[in-house]
Amino acid sequence: MPVAGTFARSRSVWALVLIPGLWLVVLFLVPCLIILKISLSQTALAQPPYTPVFDWTGGWAGLKTFLSGLSVSNYVALANDTLYIASYLKSLQIAALATLMLLLIGYPIAYGIAQTKGRAQAFLVLLVILPFWTSFLIRIYAWITILQHDGLLNRALIGLRLIDAPVSWLASDTAIYIGLVYSYLPFMVLPLYATLQKLDPTLLEAAADLGARRWKAFWSITLPLSLPGAAAGALLCFIPIVGEFVVPDLLGGSETMMIGQTLWLEFFANRDWPIASAIAVVLLCLLVGPIALFDNLRARQLRSRS
Amino acid sequence: MRRLSGFNIASVAIGLAFLYLPITILVIYSFNDSRLVSVWGGFSLRWYVALIEDRDMLEAVRTSLAIALLSAALATLLGTCVALALARLGRFRGRTMLSAMTYAPLVMPEVITGLSLLLLFVAVNVDRGFWTVTIAHTTLTMCFVTIIVQARLVDMDQSIEEAAMDLGCPPLRTLLTVTVPMAAPAVISAFLLAFSLSLDDLVIASFTTGPGATTLPIRIYSEVRLGVKPEINAISTLMIATVAIAVVLASWVERSRGRNKLNETGKA
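Residue numbers (this note's numbering), protein chains in the order written: chain A, 112 to 417; chain B, 2 to 269.
Where hints are given, some of them may not hold.
What the hints assert, rightly or not - Stretch by stretch, here's where chain A covers chain B in the computed footprint (C-beta under 8 angstroms, at least three residues):
| id | stretch |
| --- | --- |
| 1 | 12 to 26 |
| 2 | 49 to 56 |
| 3 | 84 to 95 |
| 4 | 104 to 110 |
| 5 | 115 to 121 |
Stated by the list, open to error - Calculated pairs, DMTMM-like style, for lysine to aspartate or glutamate (alpha carbon to alpha carbon, straight line, at most 20 angstroms):
| id | chain 1 | residue 1 | chain 2 | residue 2 |
| --- | --- | --- | --- | --- |
| 6 | B | 230 | B | 55 |
| 7 | A | 228 | A | 316 |
| 8 | A | 309 | B | 156 |
| 9 | A | 327 | A | 316 |
| 10 | B | 230 | A | 261 |
| 11 | B | 230 | B | 54 |
No lab work stands behind these hints: they were computed from the structure. C-beta atoms are modelled at their ideal positions from N, C-alpha and C, and glycine is treated no differently.
Can you make the complete structure from the sequences, with help from the hints?
Spelled out as structure tokens, the structure:
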């Protein structure tokens, strides 16, 4: 770690940590605890729609009623309803498959960019980053125009006589995959490019001198050395895709929903906040592993840089 | 042995076409005279005119811009402080915790962040609307700011700061007059990123907003759910154009600065 600590001994600088630290505690840590609390309380027809489980004025007795008021009924409901389980499984499956597609599509792009030099390379990187700056929602919306029943894809395919009747692309898993790959591609390409670009070219020269063919050199040198970038890109895509809402909501069908949609529905349509909170807690538990892995990779990368 | 093969060129070209084709189509069809989005009915600006007359849409644009500006400014301030702390204060109590709280929101699914913030706002019983969305966006985007600025601070040569301190400059003043100006390019791009993330956010805003504070993405989303509309193409085109102009301007400023530097070193 870059623990130079140039300013470590000065008191006046410590104010730096205090305000943003407090901000994060109040607006990130505390809300996480509140979700946990509400996921353990009962649904009620009130505003807010759950029974208040903690009464600060109650003191010690209040703490006792608080503890006895907790119930795991929401989690029991989650575990017993196949709808929720199917929703979690579908999210994990879609995220895994989409991440795999992203790897297969993103790798050649990142590799190609890393082979170019100087200004061309900088320009290509800019071109990959640019869509990231335009609205996510707009980019998904653009696909509706293309994929809808009388949309451009069907017209093009009919025009080319590849199909006779329009195919319904929208409201299907295919559309979800297209939307996910499209919107997450920069997140996959950039970390891959970053590792491929740093690769020492003399290693490949040595391999060539020793008689290795190009694909053999790629297979035994480039690919293994680019694995950290691939892992970072994969996690950067997989984790948010599991909880994705916009893409499946606008492009997907209505049969099996992804968990982000289920949470949204429970919250906004059914106004069942405790169940929504329980869904969020379970989702977070599922993602703790990948998030820890990502954090580990990031820390290692920071260490290697300094 | 960096050699461009046909395969390399093809994969980059196809990848970029995939990234840009949908946006291009969207822009082209915003000038379509026909109401049917997939039939070309001739060039027209009628959807832009319709947009100007759409009061609700303009109100949403105004709300979104205000929230984005305010939250990006706050996030830049707070996020830069965290970055300075993580990169320059050495080991201190709570460093791991601060670092974790900075990186966790980045990968946290938006639905969870949105729901948890809403539950907090309900728990402390504040009126939801403009300010709650601003606070929520600040919380999310300050983490992005921290990452960008921290990366720059870690790469920066620290000997200049050390020299200033050796010459008797007090730490806080060194930080403000030496460290921060040196990190300024990263701080500016962090501000821009925070701004665009806030402008783009649908999920967190939907959870934390209240009556009277409809942001542009919320407005667009409610229209898009009902189907494709040419007016949406028009507003999207305007947003894309804004971003494109901003990026071109930024890279132009960067390049002319680079040229000035070259000139200066040439003279010296």
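Hint check results:
1. Coverage of the stretch 12 to 26 of chain B by chain A holds. Counting CB-CB distances below 8 angstroms, 10 residues qualify, and the rule asks for three or more.
2. Counting residues of the stretch 49 to 56 of chain B whose CB falls under 8 angstroms from any CB of chain A gives 0; the rule of at least 3 is not met.
3. For the stretch 84 to 95 of chain B, the stated coverage by chain A holds: 9 residues have a C-beta nearer than 8 angstroms to a C-beta of that chain, and at least 3 were required.
4. With 6 residues bearing a CB less than 8 angstroms from a CB of chain A, the stretch 104 to 110 of chain B meets the requirement of three and the coverage assertion stands.
5. Only when three residues or more bring their CB closer than 8 angstroms to a CB of chain A does the claim for the stretch 115 to 121 of chain B stand; here the count is 5, and the claim holds.
6. For the proposed pair residue 230 (chain B) and residue 55 (chain B), the alpha carbon gap of about 13 angstroms is at most 20 angstroms, so the pair holds.
7. Among the hinted pairs, residue 228 (chain A) with residue 316 (chain A) is consistent with the structure: their alpha-carbon atoms are about 17 angstroms apart, no more than 20 angstroms.
8. The straight-line distance between the Cα atoms of residue 309 (chain A) and residue 156 (chain B) is roughly 16 angstroms, inside the 20 angstroms bound, and the hint therefore holds.
9. With a CA separation close to 13 angstroms, the supplied pair residue 327 (chain A) and residue 316 (chain A) stays within the 20 angstroms bound.
10. Between the alpha carbons of residue 230 (chain B) and residue 261 (chain A) the distance comes to roughly 14 angstroms, so the proposed pair stays at or under 20 angstroms and holds.
11. A hinted pair counts as satisfied when its Cα atoms are at most 20 angstroms apart, and residue 230 (chain B) with residue 54 (chain B) qualifies at roughly 15 angstroms.
Hint 2 from the earlier list is the only one contradicted by this structure; the remaining hints agree with it.
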